[in-house]
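Asker: Protein chains in written order, with our numbering: chain A, 1 to 307; chain B, 1 to 289; chain C, 1 to 334.
By construction, these hints were calculated from the structure, which means they are not laboratory data.
Since the structure is predicted, the reported quantities are computational estimates derived from the model, not experimental observations.
Among the hints, a few may not be true.
[Unchecked claim] Only part of the chain B face toward chain A is listed, based on derived beta-carbon distances under 7 Å: (1) Val62; (2) Pro92; (3) Tyr95.
[Unchecked claim] 16 Å max Cα-Cα, derived EDC-like pairs, lysine to aspartate or glutamate: (4) C:Lys2 <-> A:Asp304; (5) A:Lys305 <-> B:Asp15; (6) C:Lys242 <-> C:Asp293; (7) B:Lys144 <-> B:Glu90; (8) C:Lys2 <-> A:Glu306; (9) C:Lys171 <-> C:Asp118; (10) C:Lys177 <-> C:Glu196; (11) B:Lys144 <-> A:Asp97; (12) C:Lys222 <-> A:Asp163; (13) B:Lys144 <-> B:Asp173; (14) B:Lys96 <-> A:Asp97; (15) B:Lys78 <-> A:Asp304; (16) A:Lys282 <-> C:Asp31; (17) C:Lys6 <-> A:Asp304; (18) C:Lys2 <-> B:Asp15; (19) B:Lys96 <-> A:Glu96; (20) C:Lys286 <-> C:Glu297; (21) C:Lys219 <-> C:Glu193; (22) C:Lys219 <-> C:Glu196; (23) C:Lys222 <-> C:Glu193; (24) C:Lys6 <-> A:Glu306; (25) B:Lys221 <-> B:Asp11; (26) B:Lys109 <-> B:Asp120; (27) B:Lys221 <-> B:Asp29; (28) B:Lys78 <-> A:Glu306; (29) C:Lys242 <-> C:Asp212; (30) B:Lys188 <-> B:Asp159; (31) C:Lys135 <-> C:Asp174; (32) C:Lys277 <-> C:Glu329.
Note that beta-carbon positions come from the ideal geometry of N, C-alpha and C, so glycine has one too.
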Amino acid sequence: MSKPSKTALLSPARTLIIAGSTFTQLMRMKIFYFLLIFVLGALVLNFFDLPHTAGPESTGSDKLFSLKDPLVGAMHYFAIIIAVVATALVIPKDQEDRTLYTILAKPVPRLDYLLGKLLGILALILAGLLAMDLLLHLVLHNHTQELLAQRIADATKMGWPQDAIDSERADILRQGPSWALQGAILTIFLKAGIIAAAALLISTFSSSTIFTIICTTLVYFIGQFMADGRDYYEAAMQSKGGSELTSYAARLLSVIFPDFRPFEIVNAAVAGKPFPLDVLFKLLGLTSLYMGIYTVLSWFVFSDKEI
Amino acid sequence: MSEVNAVEVRDLVKDFSTSFRRKPLRAVDHVSFTIAPGEVYGLIGPNGSGKSTTMKALLGLVSPTSGTCSIFGHDSSKVDSRQQVGFLPENPYFYKHLSGEETIRFYGKLCGMRGKALADRTNELLELVDLTDARHRRLGGYSKGMLQRIGLAQAIVQDPQLVILDEPTAGVDPIGSRQIRDLILALKERGITVFLCSHLLEQVQEVCDHVGIIHKGRLIKSGRLDDLISIEDQTEIVLQNADPALLEEIKQLVAKRAETTLLRTGKPRTTLEGLFLRETRHADSSRDE
Amino acid sequence: MKTTRKLLLVFLALIAAGFAKLPFEKALTSDLRARRLLPPPLDLSTRKALGQSSYAIALGGFRSLIASMRNLKAHTYFEHQEWTKLEGEYNTITTLQPHTRYYWDVASWHLAYNAYADYGDKPNIPDARRRYLQKQFLARGLRFLEDGINNNPDDWRLRQSYVRILTDPFKPNDLPKAVATIEEAMNRSEVPEILERERLYALSRIPGREEDAWQAVQKLWKDDSNRSLPTLRLIYFSLQWKFSTPDQRTPLEVIFGPRNGTNDPALRRASRQNALKYLSYYWRRKREGFPMDGVRESIKLLLQEFNIPAQYSPLNPGDWRGYPAELFENPAAR
Chain A
1 MSKPSKTALL
11 SPARTLIIAG
21 STFTQLMRMK
31 IFYFLLIFVL
41 GALVLNFFDL
51 PHTAGPESTG
61 SDKLFSLKDP
71 LVGAMHYFAI
81 IIAVVATALV
91 IPKDQEDRTL
101 YTILAKPVPR
111 LDYLLGKLLG
121 ILALILAGLL
131 AMDLLLHLVL
141 HNHTQELLAQ
151 RIADATKMGW
161 PQDAIDSERA
171 DILRQGPSWA
181 LQGAILTIFL
191 KAGIIAAAAL
201 LISTFSSSTI
211 FTIICTTLVY
221 FIGQFMADGR
231 DYYEAAMQSK
241 GGSELTSYAA
251 RLLSVIFPDF
261 RPFEIVNAAV
271 AGKPFPLDVL
281 FKLLGLTSLY
291 MGIYTVLSWF
301 VFSDKEI
Chain B
1 MSEVNAVEVR
11 DLVKDFSTSF
21 RRKPLRAVDH
31 VSFTIAPGEV
41 YGLIGPNGSG
51 KSTTMKALLG
61 LVSPTSGTCS
71 IFGHDSSKVD
81 SRQQVGFLPE
91 NPYFYKHLSG
101 EETIRFYGKL
111 CGMRGKALAD
121 RTNELLELVD
131 LTDARHRRLG
141 GYSKGMLQRI
151 GLAQAIVQDP
161 QLVILDEPTA
171 GVDPIGSRQI
181 RDLILALKER
191 GITVFLCSHL
201 LEQVQEVCDH
211 VGIIHKGRLI
221 KSGRLDDLIS
231 IEDQTEIVLQ
241 NADPALLEEI
251 KQLVAKRAET
261 TLLRTGKPRT
271 TLEGLFLRET
281 RHADSSRDE
Chain C
1 MKTTRKLLLV
11 FLALIAAGFA
21 KLPFEKALTS
31 DLRARRLLPP
41 PLDLSTRKAL
51 GQSSYAIALG
61 GFRSLIASMR
71 NLKAHTYFEH
81 QEWTKLEGEY
91 NTITTLQPHT
101 RYYWDVASWH
111 LAYNAYADYG
121 DKPNIPDARR
131 RYLQKQFLAR
141 GLRFLEDGIN
151 NNPDDWRLRQ
161 SYVRILTDPF
171 KPNDLPKAVA
181 TIEEAMNRSE
191 VPEILERERL
201 YALSRIPGRE
211 EDAWQAVQKL
221 WKDDSNRSLP
231 TLRLIYFSLQ
241 WKFSTPDQRT
251 PLEVIFGPRN
261 GTNDPALRRA
271 SRQNALKYLS
281 YYWRRKREGF
291 PMDGVRESIK
301 LLLQEFNIPA
311 QYSPLNPGDW
321 RGYPAELFEN
331 PAAR
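Take the sequences, apply the hints, and build the full model.
Answerer: Here you go:
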């Protein structure tokens, strides 16, 4: 009997095979029906104006904001829900169906399996976001060009000076398709990545899918509240000499749970503010750190878990 | 040079901790057995006897509390040992969203197979398990028998030297069972070691060379099937046109009489089922004493 | 390894990693708040206004969604002229989304313009109460813009909206504050020239600051594109009358006609006609406090030049409805 070749601890090829299978599995679970709702919403917003008030000094770019805001919000919802639910589902489903046995009975290290599952889910979220991003930009581009043509024509007719017309154009274009908006969508994806990695960690020791979903949702909400809570308790300690115990509890929470506050830069980008590149790199770094920690800990728990 | 055993389980103990009782549940209690290369070994026992746990320990799916398991001399807790193993679990479901062909290809890729080699092997296995017509149908539409057959196909996709089958014919109709039995025999003929667990003693009797009986976590009997099911205190003489009274006389007479053919002598055989029931009852009464 | 032991190690690892990442996170959040890319911490007292479910959703990172939904609700209050409820909604909305200019702008517009006008028209309200309510809502509208400017100090459009209310001829004015607001914006960053013009318009109406206005208009006059703007032309005309000698002054035909002047008699005539029309409308805005030096004299001269009958003179007291077009078409026929 010849000695078997040493199985690499991490094989990108094997990981991608599992990722591809996970992606296909989730796709065939008709998760993308959600996209239909998004498409409908985008079409409604494209052809109908929501009740909208604007002052006489409004540049009309506010209409573009009213278009972007709910659509980006929907993308955010999609990404978070898929990250929580899909990740919570994958390992228990494999275990229940005994598919996990057949996979791990092959020369597949558990790390490959975990990473493959995580990557498959991230691929699904990314594909969904890209599809919605494309639709958003089509609708936004359409509206921006229409608005631009209309406002410039009106401004020229009213004899506005060139600098006022240029300012109007700049204001409208700032609310239209932009790299800042792409940065915002990428930020949504990064946030979903952290949530998915957290869900994966919880699912490695959780006894049920529901438990994983509930815990991950709690992680998400605590992460959202994190910075506010920390600031509140720090302020309370300084001004009123609040309870030390609550302060320590707040600090402990802020240490354990992820802080999603920096990711709310999405709102600023949607409002037309620029998205600095250095911030994007910092968010990428933070995401990599979180995902790395959670994945390593997932592997630690899962590596000798009784299947 | 002595050949390495395909499977070697030495003094395997597996305890599971329970939530409400302090004392852990001992699922496997000092089990030891070996399987030589090319053998078909059947592990039989009632539900909850520790068969599946033993298999899982061998596959590294659970960690032994103590003892060792090895596959072709390699520690079964290491991923490397599984390169030569194919496994079909009890009542498998696989990925329903994949077709039969996609399922085999998926597992083949996990074993490092690619390209034309994988494509050829997929076609070969689909033909072997008689699922060529259903290759493009998703597993969600497969019957129980078809699932077992595709399970067998994925288990041997990388042409392993050891195949582990957990209740391979459970819930399968007689025709399907027969097909699976024939497949196992085909594997045996090719020199592949098979380790199977089953309740269906008749089927184990048909295919296995060696058998182990496990009861409440303990291996209470193990050995060659023929040896186990033969009855020691009886002999048999098969004669043509002779009557029993002439036993001694016949022996001498046979030697003298050229025209009479002595076909065989030996011990009469009981059934495996009879042996199983006798041994388990005996084990229980010994414990009670 | 037992599961409980493993989980304990996981917990400890999370704490250790948490301490490592905490300074980075805090620094990043502070940096983003300083750059006004993140809103300030959600005021926990806003919880009452939001209600529990909205608060949870807002905390869940969907502030913009809640704000959008509330904005729709505010619109219905606008339709029913429920101004106090509308104000309450926008207090919540701007707390959720303090960096979205639109909400500050539209809140101030509703209160300082719509509510103000509504109380001006509402029947069955005693005059004193009417004036009080108008004053109240004007102040509230301005307050939204002040808060908006505090949260978005680099947003010149909010300051522009603020200045326009302060200089609105149909509302009580605070012209020095308007000028100061624009100057603050100019000190922070480069602002579009429109804001400089608005500064000029406000400055020119402040008694005692005519000299500053003259400096400002001269600077703006140098840019050719500004010379087509009626108000700027008129302020220039008037201030140059005050601060320049007759021989230094730019001729009327140049101010109100082609930029480089013209020798073509027809074009010169058209320019002077333009001048009469502009100066006449300008004269009717006297109460706004714009400089009027040389305006009356020039109108008289031009009325005479074009043989305009006395009843069409803008200098007459009472209503003035402009010049009928036929007055300029064929004056000889008259």
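Asker: Taking 16 Å as the top limit, are the C-alpha atoms of C:Lys242 and C:Asp212 close enough?
Answerer: It holds: about 13 Å lies between the C-alpha atoms, which stays within 16 Å.
Asker: So if I understand the rule, the pair passes when the alpha-carbon distance is 16 Å or less; does B:Lys144 with A:Asp97 pass?
Answerer: holds (14 Å)
Asker: CA of C:Lys2 to CA of A:Glu306, is that 16 Å or under?
Answerer: holds (10 Å)
Asker: Taking 16 Å as the top limit, are the C-alpha atoms of C:Lys286 and C:Glu297 close enough?
Answerer: Measuring from Cα to Cα gives roughly 14 Å; hence the hint holds.
Asker: Given the proposed pairing of C:Lys219 with C:Glu193, does the C-alpha separation stay at or below 16 Å?
Answerer: holds (11 Å)
Asker: So if I understand the rule, the pair passes when the alpha-carbon distance is 16 Å or less; does C:Lys219 with C:Glu196 pass?
Answerer: holds (10 Å)
Asker: Holds or violated: B:Lys221 and B:Asp29, Cα atoms, limit 16 Å.
Answerer: holds (14 Å)
Asker: Given the proposed pairing of B:Lys188 with B:Asp159, does the C-alpha separation stay at or below 16 Å?
Answerer: Status holds; Cα separation ~13 Å.
Asker: Is the straight-line distance between the alpha-carbon of B:Lys78 and that of A:Glu306 16 Å or less?
Answerer: holds (15 Å)
Asker: Check the hint pairing B:Lys96 with A:Asp97 against an upper bound of 16 Å on the C-alpha distance.
Answerer: At roughly 10 Å apart (the allowed maximum being 16 Å), A:Asp97 and B:Lys96 satisfy the hint.
Asker: So, B:Pro92 near chain A? Judge it on the closest CB pair being under 7 Å.
Answerer: holds (5 Å)
Asker: For the pair supplied as a hint, B:Lys78 and A:Asp304, confirm whether the alpha-carbon distance does not exceed 16 Å.
Answerer: The given pair, whose Cα atoms are some 11 Å apart, holds under the 16 Å limit.
Consistency note: the structure conflicts with none of the earlier hints.
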